[in-house]
Structures are given as structure tokens and as C-alpha cells.
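Protein sequence lines correspond, in order, to chains A and B. Number 221 in the UniProt record's numbering belongs to position 221 of the first sequence; there are no gaps in the numbering. Number 202 in the UniProt record's numbering belongs to position 202 of the second sequence; there are no gaps in the numbering.
Among the hints, a few may not be true.
As the list claims (entries may be wrong) - Now the in silico label distances, taken between C-beta atoms and shown as ranges:
{"no.": "1", "chain 1": "B", "residue 1": "Gly63", "chain 2": "A", "residue 2": "Lys146", "range": "26 to 36 Å"}
{"no.": "2", "chain 1": "B", "residue 1": "Gly141", "chain 2": "A", "residue 2": "Lys171", "range": "30 to 40 Å"}
{"no.": "3", "chain 1": "A", "residue 1": "Trp129", "chain 2": "B", "residue 2": "His67", "range": "51 to 61 Å"}
{"no.": "4", "chain 1": "A", "residue 1": "Trp129", "chain 2": "B", "residue 2": "Ala101", "range": "18 to 28 Å"}
{"no.": "5", "chain 1": "B", "residue 1": "Leu90", "chain 2": "A", "residue 2": "Ala150", "range": "32 to 42 Å"}
{"no.": "6", "chain 1": "A", "residue 1": "Lys146", "chain 2": "B", "residue 2": "Gly141", "range": "26 to 36 Å"}
{"no.": "7", "chain 1": "B", "residue 1": "Lys154", "chain 2": "A", "residue 2": "Lys146", "range": "55 to 65 Å"}
Please keep in mind that the hints were generated in silico from the structure rather than gathered at the bench. For glycine and all other residues, C-beta sits at the position ideal for the given N, C-alpha and C.
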Amino acid sequence: MAPKRRTSTPRTASASAAVRGAQSTLSFQNKVTKPVSPRSAKGKAAKKDLECKAAAIEIEAEAEDDDSTAEVTVKVPKLPQSPPPSSAQPAVAPEAADPVDEPVKTEEVLGGRAETSDLGALGGLGSGWVGDEETRARKLPEAQIKRYWAEKESERLVPRVHQEGLGLAEKVLREFDMSGQFGPCIGIARLKRWKRANVLGLNPPIEVLAVLLKEQDKGNAKVQRAHVDELMSSRFVET
Amino acid sequence: MAITNGSGDDALLSKPSYALPSPLAPPHPTANHNSSSSSQPFPSLTRQSASYSPLTDFTLPKGEARHYQQQYADMYFARLAQLKPSVEALAAEAWSEFEIASETARKVDRALDVRQGELCWVIGTIYMEMPLKPNILDDIGKEHWIAAPPPRVKFLTPGGVGGDQTMLEDESGRLRLVGGALESMLLVTGAIVAVLGTENADGDFEVLDLRVPDLPRQPVRWEREDGRAAASKQKVEKREEGGKVAIVSGLGISGDAGDTLTLDLLLEYLLGESAGSEDQSSISTISRLIVAGNSLAHASPVPPRDEVGTNGQKKAPHAKKYGYDSSAYNAAPTDRLDLFLSSLLPSLPVTLLPGADDPTSISLPQQPIHQAMFPHSRTYQSPPKSSPAEPGSFDSGTNPYAFDLHGWRFLGTGGQPVDDIYKYVAGEERLEMMEAMLRWRLVAPTAPDTLWCYPFPDGDAFVLRECPHVFFVGNQPKFESTVVEGPLGQQCRVVAVPSFRDTGEVVILDFETLEPELVRIEIFEE
Numbered sequence: 001m002a003p004k005r006r007t008s009t010p011r012t013a014s015a016s017a018a019v020r021g022a023q024s025t026l027s028f029q030n031k032v033t034k035p036v037s038p039r040s041a042k043g044k045a046a047k048k049d050l051e052c053k054a055a056a057i058e059i060e061a062e063a064e065d066d067d068s069t070a071e072v073t074v075k076v077p078k079l080p081q082s083p084p085p086s087s088a089q090p091a092v093a094p095e096a097a098d099p100v101d102e103p104v105k106t107e108e109v110l111g112g113r114a115e116t117s118d119l120g121a122l123g124g125l126g127s128g129w130v131g132d133e134e135t136r137a138r139k140l141p142e143a144q145i146k147r148y149w150a151e152k153e154s155e156r157l158v159p160r161v162h163q164e165g166l167g168l169a170e171k172v173l174r175e176f177d178m179s180g181q182f183g184p185c186i187g188i189a190r191l192k193r194w195k196r197a198n199v200l201g202l203n204p205p206i207e208v209l210a211v212l213l214k215e216q217d218k219g220n221a222k223v224q225r226a227h228v229d230e231l232m233s234s235r236f237v238e239t
Numbered sequence: 001m002a003i004t005n006g007s008g009d010d011a012l013l014s015k016p017s018y019a020l021p022s023p024l025a026p027p028h029p030t031a032n033h034n035s036s037s038s039s040q041p042f043p044s045l046t047r048q049s050a051s052y053s054p055l056t057d058f059t060l061p062k063g064e065a066r067h068y069q070q071q072y073a074d075m076y077f078a079r080l081a082q083l084k085p086s087v088e089a090l091a092a093e094a095w096s097e098f099e100i101a102s103e104t105a106r107k108v109d110r111a112l113d114v115r116q117g118e119l120c121w122v123i124g125t126i127y128m129e130m131p132l133k134p135n136i137l138d139d140i141g142k143e144h145w146i147a148a149p150p151p152r153v154k155f156l157t158p159g160g161v162g163g164d165q166t167m168l169e170d171e172s173g174r175l176r177l178v179g180g181a182l183e184s185m186l187l188v189t190g191a192i193v194a195v196l197g198t199e200n201a202d203g204d205f206e207v208l209d210l211r212v213p214d215l216p217r218q219p220v221r222w223e224r225e226d227g228r229a230a231a232s233k234q235k236v237e238k239r240e241e242g243g244k245v246a247i248v249s250g251l252g253i254s255g256d257a258g259d260t261l262t263l264d265l266l267l268e269y270l271l272g273e274s275a276g277s278e279d280q281s282s283i284s285t286i287s288r289l290i291v292a293g294n295s296l297a298h299a300s301p302v303p304p305r306d307e308v309g310t311n312g313q314k315k316a317p318h319a320k321k322y323g324y325d326s327s328a329y330n331a332a333p334t335d336r337l338d339l340f341l342s343s344l345l346p347s348l349p350v351t352l353l354p355g356a357d358d359p360t361s362i363s364l365p366q367q368p369i370h371q372a373m374f375p376h377s378r379t380y381q382s383p384p385k386s387s388p389a390e391p392g393s394f395d396s397g398t399n400p401y402a403f404d405l406h407g408w409r410f411l412g413t414g415g416q417p418v419d420d421i422y423k424y425v426a427g428e429e430r431l432e433m434m435e436a437m438l439r440w441r442l443v444a445p446t447a448p449d450t451l452w453c454y455p456f457p458d459g460d461a462f463v464l465r466e467c468p469h470v471f472f473v474g475n476q477p478k479f480e481s482t483v484v485e486g487p488l489g490q491q492c493r494v495v496a497v498p499s500f501r502d503t504g505e506v507v508i509l510d511f512e513t514l515e516p517e518l519v520r521i522e523i524f525e526e
């Protein structure tokens, strides 16, 4: 057996130095040299802020759509509520200044898009698109959305109540939420719900997708969460 | 010793002449075996190999990608949406010219669109309202009161129809189903059916006829390999004829002294060490062993429902109800299982499915038992980051599990779905329930209702998209087998594998005929 030490000193050198007071110790409080993953930073912010929950659903939706964290990195500065994690991500901070003007392409960041996986009960593409709906929806003219909405209104005998303050986009999306044939609207982001209905072959209206993508491009994060979802979920704000 | 004896190193490498060579050499014989030193020529048989490629249908995403915020309603909705087209096609074909008293049946889109007195048919999900089903309030009550109600074998209300109701549900609403035609049908919560009938004066839907999606399309033998070869423009190599697979379940290793003998006998049988030469040649055709669940006895991290609230008194008086008492951990069962597998693996590839009592997730689909549980056997497994298409000799699979073995599509579960269906229906015929599962195209129909399950956001993974050639279910009370036939000529061999701990039986399935045979290992006790 090795001979025992006579003095009972603490084991680590830094602790013993601190005990002796001879050297200054390293402080790990403020300095983060490694970029923190945007997802964990997002997660912490979302827990504290009630309104960030909508953003979190969108982030998850987007992250699952594109299967790469690069897209998430770009979306971070677009949220109005959360403070940009500037200390954690010096690379993203310059983009935080003007988020809307130059959306960064996924292909240019971090070596490109991750490959799609065919995990998933439906065996579809990892991003959830079947065919070219995304491009078609982006090209859809505003007039067609107005026509679609006029058709929906004409199906009713009486005008809708309590919707005077809402814009056309929100009205279209609420109508989509209340269509039961596409599944429950609670607990799922609107874009994800549209994609799911599409993959299951239920033919959700392309106008709704156009509205969703337009709102998303504008940086409106709250649009992804159904209004009834907010009403039905009892999430209290931590003070 | 070589130095003292003066003999060279070659003497150490050659086999001593008194030892019997192992009759079943591993598929890649090493260079050290020097048969010239043995005097008697024992023919060494090589084990037949079979191509094996698993499917990842039931593998859940890892870590952060697994979400639990969604409700189960999404899963029911997706299940209905996935199965509706096929039921609709079948029902339309069957009932398009159906007439009663010159009234033709009409298809109705939603359950609430059914009008009273009108002959129509509608598609929806079955929901069985049974007061004796496990109820969360009962579970809470058990923790506060001293006496727990005994666990029920079946959920049916004794004494007839009483409180049990069958309902048809879709996104618009529910219809209560009544009628004599329901008595002969096997129905559980979660099955997607089309019902034909009318609404009577009470508001109940009287059922005249019922249709289920029936067996899905069956792939031809070797379809996946041929497809892959065609896609990559490679020539298909010649395939071996014959071969067998051994299926065992319910090894039930508990670390007690009592379970080692039958297990060792099974090991010797599979390695060919304990049989005569004709048996050995037939055993050498067994190309794989499938262990279908419950390899360990009470290794589940969550105690079963009936033991919640008993403070684990059955097992150990000091076991805590909540939290983890690490001093109570016994490594003997997993060590024994690991030893069993690592003795078997050099010679025989193994597929391991978890069961209700195994140390993995409780909710279906159970994820593969982690490599950390098998310190010796994991050298035969492929490294964690490799693609799922090359699993290595030891494949730790999910429950339920689907894989292609020698061209045939196999689908297997550890027994939980069938045991759960058993509680819903009055009959005792397990094969009927397995056949019903295939005809409903659902591997776990009762899944979110009484069977714990992952809340799939995008679609129900338990929906069968292709009919397997062999459907095996482990941990059943006895061995049974039949062939289920489908409307398009599909033929599926259904095998109920008994628990090895109780019966000592191993099922051997032949690849060419898909006929099962039984091998029983018993110890005669005086």
C-alpha cells in the first residue's frame, strides 16, 4: 500500500489553492466559450415566458420540418418576445439586427440541409411535404384567398359574430382549426396539422397553407398556435 | 509450459486429441482448429445462414425528438384516416346493392348524419364502454385504502350485457350500437369498422352487418431484397433452400437457482451439443433464434397495476414504492441472460424482443433493450451509430417488431396486445384474437385505451400496411398455430408461442413450408 500522506489536504489542486488563497481561481460564471445550442436556450426562455410557448411550437415544427438546427438558428431572432441570446451566439447576433430583410438559406449555414429520414409512422418525407404544395402555395395570389373566403362566408346563413377585430388571415385559420375532418387542432401547430392532413390524403385547402406561409414569412410566431389551444390550455405565468 | 516441455508453440494451438470437437462450428472457422491431431473423424456441421433485415416501423425517435405534448385524440384520428379508404372500398363493394324492403343502403359521411329510420352505412372507430375497465380513479383509490380490489381477468360485466355498451365513434360524435349481429363479432376499442343498419326509435343504431378492413396487401417472398437489387442494378445472389428459425418466449430469468437447468438444456440443444447426429443435422438448419419477450422476470421499471400500492410487499419488504433503492438491485438476472446469449451468439444469431417484464419502456412500442444490459453479448451487436439495416449477429429489437428473414416478412409482439384484447372479449380463443388483429390491420388496437402507448403525432404506427407472412405472439398460455387467409389470396401463418418458463416449449418454423413444430425441454422430477 502506498504510504499515507501526513497532511490532510483537499484533493484537487485548484481547491487546495483556493483554500490557501495563493492563486486566483477560474470563474465560470459569465464566460461561455462554446456556442450553446439554440434549442436549449429556446427551451429555457419558453418555460418562463407564456407567450413564448407559441414560438416553441413553431420552432419544433420548423426544426422537424427541415431536420436541421440551422433553420432554428435563423428563426431565433424573429421572435419578438425572447431576448436574443447574444452572449451565447456571437455568430447569430449580427443577424438579430435585421431578421426580416435577409432570411438566411439553410443551404448556406452549417454545411447545408440534413438528409431527410423516413422515420415516421406514415413513412413520408422527413419534412412532411408530399409533392409541390409549398411552391404552389407561395405562388397563390391574394385574390384567390379572398375568393375562397367569400365562398366560405356564403355557405352560412348569418354572418360570423365576434370576429370583427380579426384580419382575413386569422379568420381563414380559425375556420381551418374548426374543421374537424382534419383532426384535433389542440396540441399541434397549424402548419403541422395542415401537413398531417395532407399526408393522410384529406385534401386540406391550399389557400390555408398560403395564408400560413405568408404569416410565417412575416415573422408572426403566434399564428402557429390555434386560438382554442390557448383558451383550452391552462398554463399559468410564473412570476 | 511449452518452454519446459520442449515442445513448440504449435502444440498449444492444436486441439488435444481427447477433446470432442464441437459439432456445430461457427460459420467462419478459425485457423487454429487443427483437425489432424484428432484421431477420429467427426464431421463438423456448419449452421445454415439466412438473410435478415429488420424494419424500423416501430422505432421511436431519440431524445429531444420524442414529444409528449400531443393528446391521444390525434392518434385515433390518424388511425381512422389511414384505414378509412380501405374499409370504404370493401363496404361499398359489399353493400352497394343491399336492399331491404326496396330501400337501398346509403353511405353516410359522419356518425351524426345518420337519420332515424333510414338504411345507411357509416365508418368509425369502435369504443367499448365497460365500467370494469381500469379507471384512473380506482388507481388513486387503491393508494389510499387498505384493501385493493383484485385484478380482473376480463373487463366484461358479469351476468350479461348489463353495463357494457358498444359504440361507434368518429370526429363528429358517437352512435350506440345494438343488435343481434354484434354478438358474433369480435370487437374491441380502437377497431375501425363499417356498420350497416338503421337508427331505431331509442336513438341506437341497429346493426345488420359489419365490415372490417381485412388483410392488407402481402409482399411476395424476397420482395424487399429484389427491389433493392433492382434499384441498385445489382445481380441477386443465389439463395439457399431450406432452413428453420426457432422462436422462444418467456424465458423468465429471475436469478433464482431454479431456472438454470432448463435454460442450459435449451442452450445445449440449440448448439447441438446434446443431441444425436441425425438431430444435429436438423438442428444445424436452424438459422436464427427469436426471443419473443419476457426474458427477465420482474425487471420492469414500473410495477404492474396490481402491485401499485402494495409497497412491493410481494417481492421484497424493503423495496420502496417511489424512488429507486439501489441496494435492492440484483444484477444476477441480467448477468444470466447475458451469459446465455453470449454462449449462443458465436454460433447462432439472436433477435431479442422485449416483453412486459423486461427493463425497457413500458408503453408500446417498447424500445430495444439497451446495449448496456449486455456487456458480453454487445460485441456481437453493431455499433450504435450504424444504420439499422445491418444489425449484426445480435439484434435487440422493439416490441412489436417487423423484419424480413430469408425473404419472409415476420411480425411479432411480446404478447401485450393479445393479452389486452383477451380482457375485452368473452371468448378464450387466442388464435381468433390474433386473426382479428390481422383483419383489423392493427397490431395493438386497444393501444391508447387500456394499453400504454406513445402518443404518435403523425400517424398510428400500429396500422399494418403490409400483411406479414408469419405473425408470432409470445407469452401465450399454450402453443397454437393456424393460417389466416385474406381476400386477395394472402396467407399468413399465425403462431402463439408459449412461455418457456412454464411449458419448456420451443417453436421451430420451417422456411419452405412455414409449418411449425414443437420441441419440449422438460426435467423429470422424482
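So, going through the hints one by one against the coordinates:
1. B/Gly63 - A/Lys146: 26 to 36 Å: 44 Å, violated
2. B/Gly141 - A/Lys171: 30 to 40 Å: 47 Å, violated
3. A/Trp129 - B/His67: 51 to 61 Å: This hint is violated: roughly 20 Å between Cβ atoms.
4. A/Trp129 - B/Ala101: 18 to 28 Å: Roughly 50 Å apart at Cβ, these two residues miss the hinted range, so it is violated.
5. B/Leu90 - A/Ala150: 32 to 42 Å: For A/Ala150 against B/Leu90, whose Cβ atoms are near 39 Å apart, the range 32 to 42 Å holds.
6. A/Lys146 - B/Gly141: 26 to 36 Å: Given a distance of about 57 Å, which is not inside 26 to 36 Å, the answer is violated.
7. B/Lys154 - A/Lys146: 55 to 65 Å: 59 Å, holds
Hints 1, 2, 3, 4, 6, counting from the list given before, are not met by this structure.
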